[in-house]
Amino acid sequence: MIFVDKDLAKFCISFALKNGANFAEARIVSSTSDSFTLKNGIPVVSQFLEDSGIGIRVLVNGAMSFVTLNNFDRDFLKEKIKKAIKFATSSANTKKDKTEFEGFKFAKAKWEVKAKKKVEDVSPKEKMDVLFDIEKNLKDMKSKVPSRFLQLSTDMSETFYANSEGSEISSRIPRMMLYYSILVSEGNQSEQRYFQFGESGGWEMIRKWNAEEKIREEAKVLLNLIRKTKSFITENMDVVLSPELVGIAMHESCGHPYEADRILGREGAQAGESFVKEEFLGTRIGSDVVTVVDDPLIPNNFGYYEYDDEGVKARRRFLIKDGLINEFLHNRETAAKMRTESNAAARASSYNREPIVRMSNTFMLPGNYRFDELIEGVKKGIYIKSFTEWNIDDKRWNQKYVGSESYLIENGELKGLVKRPVLEITTKDFFSAVDACGNDIGYVPGTCGKGDPMQGIPVWMGGPHIRLRNVVVSKYA
Amino acid sequence: MLDYIIQKAQKLGAEDIIATSLNQLTRQTKFANNEIVVNQTWDEKDIDIFLSFKKRTISTSVKSDAKKSDIDKALNKMVKIAKLLKPNEDYFGIAGGEFKYKDVEEGYDKKIENLDEKEVDIVTAAINKALENGVKKSSGVLYSNIWQMKKLTSNGIDGSDKATSLNFSIRSFADKDASAHSVSVSRILKGFDSVAVADEASQLALQALNPVSGEDGRYDVVFHPMAFSNLLYYMSYAFSAFQVDSGLSFFMDKIGKKVANDIVTIEDDGSMRNGFGSRKFDDEGKPIQKNKLIENGILMNYLHNTSTAKKFNTESTSNSGLVDPAPWNIVLKQGDSKFEKMISAVKRGLYITNVWYTRFANYRTGDFSTIPRDAIFEIENGKIKRSLKDLRISDNVQRILENIAMISKERKTIQWWEVQIPVVTGFVLCKDVGITRPKK
Numbered sequence: 189m190i191f192v193d194k195d196l197a198k199f200c201i202s203f204a205l206k207n208g209a210n211f212a213e214a215r216i217v218s219s220t221s222d223s224f225t226l227k228n229g230i231p232v233v234s235q236f237l238e239d240s241g242i243g244i245r246v247l248v249n250g251a252m253s254f255v256t257l258n259n260f261d262r263d264f265l266k267e268k269i270k271k272a273i274k275f276a277t278s279s280a281n282t283k284k285d286k287t288e289f290e291g292f293k294f295a296k297a298k299w300e301v302k303a304k305k306k307v308e309d310v311s312p313k314e315k316m317d318v319l320f321d322i323e324k325n326l327k328d329m330k331s332k333v334p335s336r337f338l339q340l341s342t343d344m345s346e347t348f349y350a351n352s353e354g355s356e357i358s359s360r361i362p363r364m365m366l367y368y369s370i371l372v373s374e375g376n377q378s379e380q381r382y383f384q385f386g387e388s389g390g391w392e393m394i395r396k397w398n399a400e401e402k403i404r405e406e407a408k409v410l411l412n413l414i415r416k417t418k419s420f421i422t423e424n425m426d427v428v429l430s431p432e433l434v435g436i437a438m439h440e441s442c443g444h445p446y447e448a449d450r451i452l453g454r455e456g457a458q459a460g461e462s463f464v465k466e467e468f469l470g471t472r473i474g475s476d477v478v479t480v481v482d483d484p485l486i487p488n489n490f491g492y493y494e495y496d497d498e499g500v501k502a503r504r505r506f507l508i509k510d511g512l513i514n515e516f517l518h519n520r521e522t523a524a525k526m527r528t529e530s531n532a533a534a535r536a537s538s539y540n541r542e543p544i545v546r547m548s549n550t551f552m553l554p555g556n557y558r559f560d561e562l563i564e565g566v567k568k569g570i571y572i573k574s575f576t577e578w579n580i581d582d583k584r585w586n587q588k589y590v591g592s593e594s595y596l597i598e599n600g601e602l603k604g605l606v607k608r609p610v611l612e613i614t615t616k617d618f619f620s621a622v623d624a625c626g627n628d629i630g631y632v633p634g635t636c637g638k639g640d641p642m643q644g645i646p647v648w649m650g651g652p653h654i655r656l657r658n659v660v661v662s663k664y665a
Numbered sequence: 006m007l008d009y010i011i012q013k014a015q016k017l018g019a020e021d022i023i024a025t026s027l028n029q030l031t032r033q034t035k036f037a038n039n040e041i042v043v044n045q046t047w048d049e050k051d052i053d054i055f056l057s058f059k060k061r062t063i064s065t066s067v068k069s070d071a072k073k074s075d076i077d078k079a080l081n082k083m084v085k086i087a088k089l090l091k092p093n094e095d096y097f098g099i100a101g102g103e104f105k106y107k108d109v110e111e112g113y114d115k116k117i118e119n120l121d122e123k124e125v126d127i128v129t130a131a132i133n134k135a136l137e138n139g140v141k142k143s144s145g146v147l148y149s150n151i152w153q154m155k156k157l158t159s160n161g162i163d164g165s166d167k168a169t170s171l172n173f174s175i176r177s178f179a180d181k182d183a184s185a186h187s188v189s190v191s192r193i194l195k196g197f198d199s200v201a202v203a204d205e206a207s208q209l210a211l212q213a214l215n216p217v218s219g220e221d222g223r224y225d226v227v228f229h230p231m232a233f234s235n236l237l238y239y240m241s242y243a244f245s246a247f248q249v250d251s252g253l254s255f256f257m258d259k260i261g262k263k264v265a266n267d268i269v270t271i272e273d274d275g276s277m278r279n280g281f282g283s284r285k286f287d288d289e290g291k292p293i294q295k296n297k298l299i300e301n302g303i304l305m306n307y308l309h310n311t312s313t314a315k316k317f318n319t320e321s322t323s324n325s326g327l328v329d330p331a332p333w334n335i336v337l338k339q340g341d342s343k344f345e346k347m348i349s350a351v352k353r354g355l356y357i358t359n360v361w362y363t364r365f366a367n368y369r370t371g372d373f374s375t376i377p378r379d380a381i382f383e384i385e386n387g388k389i390k391r392s393l394k395d396l397r398i399s400d401n402v403q404r405i406l407e408n409i410a411m412i413s414k415e416r417k418t419i420q421w422w423e424v425q426i427p428v429v430t431g432f433v434l435c436k437d438v439g440i441t442r443p444k445k
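Just so you know, the sequences run in chain order A and B. Residues in the first sequence are numbered from 189 upward in steps of one, following our numbering. Residues in the second sequence are numbered from 6 upward in steps of one, following our numbering.
Since the hints were made in silico from the structure, they are not lab data. Heads up, a few of these hints could be off.
Stated by the list, open to error - Cross-link-like lysine to aspartate or glutamate pairs, in silico, EDC-like; alpha carbons within 16 Å at most: (1) A:K465 / B:D180; (2) A:K465 / B:D182; (3) B:K445 / A:E423; (4) B:K388 / B:E345; (5) B:K82 / A:E238; (6) B:K78 / A:E238; (7) A:K271 / B:E118; (8) A:K274 / B:E122.
Since the model is a prediction, treat every value here as computed from it, not as a measurement.
Start from the sequences and build out the full structure, keeping to the hints where you can.
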């Protein structure tokens with residue numbers, strides 16, 4: 189790892205203040221990462237990277253400027269900080285609505301995610317062997333799985349954050365991710381599945397994922413989707429969704445629209461705005477069994493943090509409580525605009541990105557139903573266990589999820605696979621249709637994209653199995 | 006330092022080596038709700054290193070101010086890791102030869118280097134134009150970028166390149182469900198016009214006022230360049246020989262076969278004048294060339310680097326991507342039609358001005374959906390009738406290509422947050438496009 193020079197961060201802050209900034213912060217990140225890939229059993233270019241750099245953000249007369257460099261020469265930094273202040277000054281002259289940060293946030297802390305076996309100490313061979321084991325386990329099925337793309341990535345990041353209000357936060361977090369895409373083919377038909385595992389923690393996590401067995405089982409299901417499925421017609425029915433489906437829905441149609449920067453229009457020309465308005469707080473969006481939280485503190489979650497990238501202490505956020513819109517995700521900028529407090533949702537994907545409002549781990553809270561009880565209560569419906577194509581509009585209102593592994597339910601029993609059932613529904617109809625939540629919980633990882641330039645950040649999303657009553661399920665066109 | 010990297014890596018036993026230094030200065034002025042929300046500056050200097058060691062392939066980056074001892078450490082680590090890996094059987098070397106490079110015409114403009122705080126003026130002039138036209142608010146971004154690259158390889162390639170660019174994107178909102186988006190991109194200051202695109206976005210947003218929910222069905226669709234560039238960008242992965250070899254392209258086994266309507270010709274042209282993605286050479290240092298991908302509806306070629314070309318028994322198309330070949334500028338050949346002519350040719354259809362969130366159910370078949378995110382208009386008997394909302398395109402890319410009926414002569418370069426590779430396209434009329442919507 190490249191040394192994180194804390195004095196340099198403090199030097200930059202002090203220099204910025206002396207040169208006209210009203211507020212300054214500096215974030216130094218040093219990371220070691222690697223990535224190994226197998227394409228149809230053949231290793232492609234492997235990568236490793238030792239990277240470090242600094243991101244400095246200033247407020248000058250109500251205008252914000254961010255500058256980032258991967259060169260730590262102090263004279264060079266001074267020149268760039270001065271230019272950043274000049275850049276902000278030119279904008280400040282045009283602004284009626286001044287940018288400010290809420291409150292006075294001051295924290296000194298140190299946190300880390302512990303690893304029994306450090307990811308950076310694991311040999312490349314051992315990492316590649318994880319991928320070869322997946323290949324081996326598909327051995328007798330390879331002719332049916334002509335496309336297999338497997339990628340294992342690990343990352344260890346050390347961050348030091350400081351600001352002109354006296355905050356100093358040091359952190360250390362290892363992360364691992366395994367992405368795969370498989371395509372199963374027979375005759376002239378094919379079905380595809382892509383998914384990723386991801387956690388923060390040490391190498392000891394890797395076998396817990398049981399990736400080789402999961403991928404093999406999924407390949408079998410994809411083959412059965414080609415060979416034999418039950419037919420269904422487009423009509424109103426009940427739907428049971430797995431934690432994977434609940435996770436993506438919570439992320440897309442609850443987490444994103446509750447990001448206060450979207451509500452305020454700051455991402456209007458990029459990731460978009462939100463159907464949610466500030467005055468919606470306290471209004472009903474779903475049935476009273478729906479409670480959705482975003483919680484960075486669930487141990488080992490892919491989006492884990494104890495302090496956000498503005499130095500604010502993390503906590504669980506209740507976005508929907510008993511069906512009512514309860515809370516938005518805030519950083520200090522959006523909290524100031526809405527006259528509230530930051531709830532520690534500021535995240536930056538690296539030193540070279542500004543911290544913006546992000547999710548960490550968004551999930552629906554469980555209820556009391558066993559899975560068999562959810563199914564038993566369905567006369568006619570579909571259970572969607574995994575999904576393929578999905579999307580949602582940029583206001584987060586109109587969404588589509590296409591089932592991959594999905595089963596017909598008749599008179600309370602699972603009756604066999606159905607091919608690509610489509611749930612195309614508005615956000616309010618989705619949450620209003622939930623009548624029961626399982627007593628289980630599951631999480632899936634994701635890399636959430638937002639910001640300009642794009643910032644892909646690790647997140648989890650999840651929930652229990654849930655049941656939706658009387659919604660339209662369509663055949664895939 | 007690049008020389009040192011090549012020599013040192015050779016001493017360590019590496020066979021093919023590529024060392025590339027990239028110095029990049031990017032400035033951004035981002036605005037929302039008619040106000041600048043942040044100014045950002047990236048000043049980053051890196052050296053990328055790729056090497057092969059007995060067919061094991063590995064890459065890394067070091068900082069451009071790295072000392073020789075840092076370089077030694079990185080190279081030793083690369084070789085140490087390479088020795089532990091299994092061979093990359095699909096690796097067949099890098100480009101080599103006595104190459105002459107041609108400058109990109111209108112690829113560099115000193116004036117962009119010195120814009121500084123004038124960038125704020127460019128943004129405020131555009132915001133003011135949109136306000137003058139009567140929209141409630143505009144959001145968007147201006148990027149200015151300057152980069153310099155130097156590349157040295159173990160095959161004797163010694164190239165350098167430099168570029169400037171400006172990229173302005175504005176989305177105007179006449180009301181909460183009435184928006185439109187436009188962009189202006191250029192490598193030089195001349196011809197770059199933030200006010201003109203603000204005018205276009207705001208006028209279109211005003212036309213989109215008071216939308217009603219549209220109905221699902223199959224429609225003839227006129228795509229604005231913003232919308233069609235998204236489809237061309239998202240389908241462009243399928244031209245990569247790496248994706249074809251992976252079994253994930255709907256163009257697999259289709260060279261020489263009909264994959265689009267006769268009027269469709271698609272090229273990758275990394276050498277085009279003022280091309281936003283134009284450059285002198287690819288990642289292996291091979292001079293950029295123009296490639297016909299689809300000609301009059303027939304699939305002509307995939308995009309190749311040296312390794313994929315060898316595997317497919319053909320020549321590299323200068324699109325390395327050391328792993329995955331990619332296009333530089335995706336160009337849909339101009340047609341002979343006009344936007345107005347297309348609208349009048351449609352009995353029952355839609356005019357879609359922008360889409361986002363394009364996702365595939367299956368990359369091999371091209372089944373996908375995407376969502377209109379700005380103005381949508383209903384067309385009836387050759388006339389725009391009213392503004393619509395809440396619709397989604399749910400179809401198949403191959404079918405879209407086959408059903409293209411008209412392409413305009415007028416074209417535009419599109420590159421923005423949602424379309425990362427520059428696309429040159431006109432308005433496109435496509436027959437019988439699947440449209441869905443949320444159901445209750």
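Hint by hint, here is what the structure shows:
1. A:K465 / B:D180: 14 Å, holds
2. A:K465 / B:D182: 14 Å, holds
3. B:K445 / A:E423: 9 Å, holds
4. B:K388 / B:E345: Status holds; Cα separation ~9 Å.
5. B:K82 / A:E238: With Cα atoms ~11 Å apart, B:K82 and A:E238 stay inside 16 Å; holds.
6. B:K78 / A:E238: Roughly 11 Å separates the two Cα atoms, so the pair holds.
7. A:K271 / B:E118: 14 Å, holds
8. A:K274 / B:E122: Holds: A:K274 and B:E122 sit about 8 Å apart, inside 16 Å.
Checked against the numbered hints listed earlier, the structure breaks none of them; every hint is satisfied.
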